[in-house]
Amino acid sequence: MTDNNDLLKLIDSLSLKDTINLNEIPDLDLYMDQVITLFENKLSNGKRFDDDKLLTKTMINNYAKDKLLQPITNKKYSRENILLLILIYNLKQSLSISDIKTLLYEIKDTNDDLIQFYNSFLNRTNSDFIDFKNEISTVINENDAPDNLPLFILSLINKSNMYKKLAINLLDNNINKKDTPQK
1 MTDNNDLLKL IDSLSLKDTI NLNEIPDLDL YMDQVITLFE NKLSNGKRFD
51 DDKLLTKTMI NNYAKDKLLQ PITNKKYSRE NILLLILIYN LKQSLSISDI
101 KTLLYEIKDT NDDLIQFYNS FLNRTNSDFI DFKNEISTVI NENDAPDNLP
151 LFILSLINKS NMYKKLAINL LDNNINKKDT PQK
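Count the sequence shown with the working numbering and you get residues 1 to 183, in order.
Calculated from the structure, these hints are not laboratory results. Small disclaimer: the values here were computed from a predicted structure and weren't measured. Ideal placement from N, C-alpha and C gives every residue a C-beta, glycine not left out. Worth double-checking, as some hints may not be accurate.
Stated by the list, open to error - Calculated lysine-lysine pairs in the BS3-like style (CA-CA distance at most 25 Å, straight line): (1) K9 x K159; (2) K67 x K164; (3) K17 x K75; (4) K57 x K75; (5) K57 x K47.
Unchecked claim - Computed Cβ-Cβ distance ranges for the label pairs, DEER-style: (6) Q93 x N126: 15 to 25 Å; (7) K9 x K67: 41 to 51 Å; (8) R124 x L8: 21 to 31 Å; (9) L170 x N123: 15 to 25 Å; (10) K53 x N21: 21 to 31 Å; (11) F49 x N158: 17 to 27 Å; (12) L28 x T125: 24 to 34 Å; (13) D109 x I11: 15 to 25 Å.
Generate the whole structure from the sequences, applying the supplied hints.
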């Protein structure tokens with residue numbers, strides 16, 4: 001990393017804001033292959049390696065078996081199931097399947113309208129990206145961060161770990177796991 005502008009360009013290139021908007025999800029139910037294609041078409045910029053799989057048939061089947069999704073009708077996935085799969089995709093980078101199950105149960109239990117909840121999530125995602133970029137800009141300007149790249153990377157990982165620990169603690173202490181349905 002040679003200068004601060006390179007780092008800001010890198011942030012823009014990471015596809016951190018890429019998601020699937022509601023208007024990109026068809027109103028009709030989709031077969032599993034169509035769901036996988038939707039993910040590949042809309043989220044593939046976020047892959048680390050070209051051969052990484054965002055979503056596979058096995059993953060979807062496991063999520064359905066673990067009751068992370070609503071019941072599947074005639075091998076087709078509803079719009080709500082696609083929204084749940086998008087949330088799982090975002091959560092699985094930081095949480096265990098058990099924690100995801102607990103959180104999704106809470107989301108489904110406390111939000112009558114999953115579409116409205118997802119819209120709120122998208123709005124929050126956009127504001128989080130702006131906050132993230134502003135925070136990195138501030139760090140760069142105050143500390144000239146790229147000059148010591150290993151230290152900067154460790155600092156980013158440390159912040160990531162702090163956010164993850166806080167999220168897990170909130171999940172553990174504020175959402176009743178015994179109410180979560182088991183397999």
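Hints, one by one, checked against the model:
1. K9 x K159: Status holds; Cα separation ~21 Å.
2. K67 x K164: Holds - the C-alpha atoms of K164 and K67 are around 24 Å apart, at most 25 Å.
3. K17 x K75: Since the Cα atoms of K17 and K75 sit roughly 30 Å apart, the hinted pair is violated (cutoff 25 Å).
4. K57 x K75: The hint holds at about 12 Å.
5. K57 x K47: holds, 18 Å
6. Q93 x N126: 15 to 25 Å: holds, 18 Å
7. K9 x K67: 41 to 51 Å: holds, 43 Å
8. R124 x L8: 21 to 31 Å: At 22 Å between Cβs, range holds.
9. L170 x N123: 15 to 25 Å: holds, 20 Å
10. K53 x N21: 21 to 31 Å: 22 Å Cβ-Cβ, so the 21 to 31 Å window holds.
11. F49 x N158: 17 to 27 Å: For F49 and N158 the Cβ distance comes to about 25 Å; the hint holds.
12. L28 x T125: 24 to 34 Å: holds, 25 Å
13. D109 x I11: 15 to 25 Å: The hint (15 to 25 Å, Cβ to Cβ) is violated, given that D109 and I11 are roughly 36 Å apart.
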